[in-house]
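When you get a sec, could you build the whole thing from the sequences and use the hints?
Using this note's numbering, the letters of the sequence shown map in sequence onto residues 23 to 428.
It is possible that part of the hints are untrue.
Stated by the list, open to error - Keeping only pairs whose Cα atoms sit at most 25 Å apart, straight-line, the calculated DSS-like set for lysine-lysine is:
1. K54 to K146
2. K294 to K377
3. K25 to K249
4. K222 to K25
5. K294 to K82
6. K83 to K71
7. K294 to K39
8. K39 to K71
9. K25 to K54
10. K24 to K83
11. K83 to K127
12. K71 to K25
13. K249 to K222
14. K377 to K396
No lab work stands behind these hints, which were simulated from the structure alone.
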Amino acid sequence: MKKCELLAPAGNFEKLKTALYFGADAVYLGGKSFSLRSFSDNFDADGLKSAVSYAHERGKKVYVTANIFAKNADFAALSEYFAYLQEIGADAALVTDAGVLALAKKAAPRLPLHISTQANTTNKYAARFWQEQGAERVVLARELSIAEIAEIRAYCPGLELEAFVHGAMCISYSGRCLLSNYLAGRDSNRGECVQACRWKYHLRAEGKEGEIEAEEDGRGTYIFNSKDLNLSAHLASLADAGVDSFKIEGRMKSAYYVATVVNAYRRLMDGKLSAREAAAELDTAAHRDYTTAFAFGDNPETVNYADSQAAGTRVYAANVLEGAHAGGAALVEMRNRFRLGDELEILSPSDSFGKRFSVDEMRGEDGESVADAKLVQQKLRIFCPYELCSGDILRKVPEGERCADG
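Given below as structure tokens:
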């Protein structure tokens, strides 16, 4: 498989650090304005500058989203925004609108421009159009098949192609949705989506006997709730078709989710996990039922009727704040309750990944022995037989799977 970029979401600075630590080559993030994820923490002007510097110091890239459906009143501020992104050295800005693209080229001529998936690029002619307008990359619509992507690559040599490979999908075509606006008065195309497609609904149909309620079962039905995309088993095919960047969705997801998914894809791309092993690893984080969506053509099985989301096969237990050599005591911060005798598993970009150990000893900051880590964000010293590094994560293994090594 050719070398492709692994691109991860960064809803805030913690998630940016997590994504880069676990192996992302680049991150995409938003400022406080002009982004389609206004409800994530996002980055103010100083935060954007710090994010770019932090990534560049590690040889990584930062792409900044400015992909709202812009209105006339947005353009004065957008001009200043693009000039600032160029000044701080952002590696690209993502745009949707042709007018915004033209403005960005004038305000920041050295700032590379990527066309957002919101532009709904579903054919080779649109891709070439954007290329001729000066775009360096197009983020392809999720509705494309691998075969169609190959046609775009053949028609547009020199254009970088980015494709989503993992994460939540929108019920509406390429994310162009009016449901949030209609039900909650918040415009998803301006960054304020309330994810109404994830809500539980009750259908009512009119029949001869009047209205009858239609439900999938007693819990209701999730008629708008898409399954989660998972193309981990098909990365080689995507690369062969001409994709340059594998994109993970999730600026609103937790840092733990980002760590888990980025780590799995990084290891898969580097040949350190098989497709089967990667699939099992991706199951450890909370997710909806998975689908390959339209990668192989039309697919009617993309809606998750049963429930909004399924729990993962692991429980996020603690963050490692200060590492320790094998056999030493690492400083961790509790995230979910665990006790002496529980089995923890290491999530790490290092060789300690996947190692399990029983919690035989832990101490509080006062040095006193602790049997039950039940205080929220409690800091503890945990003795581990494997090396732990700052940035690693510990997760609890269910009792039915326990088989500790240490």
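Discussion item. Hints numbered earlier in the text: which of these fail when held up against the supplied structure?
Written reply: Going through the list in order, the structure violates hints 1, 3, 4, 9, 12 and respects the others.
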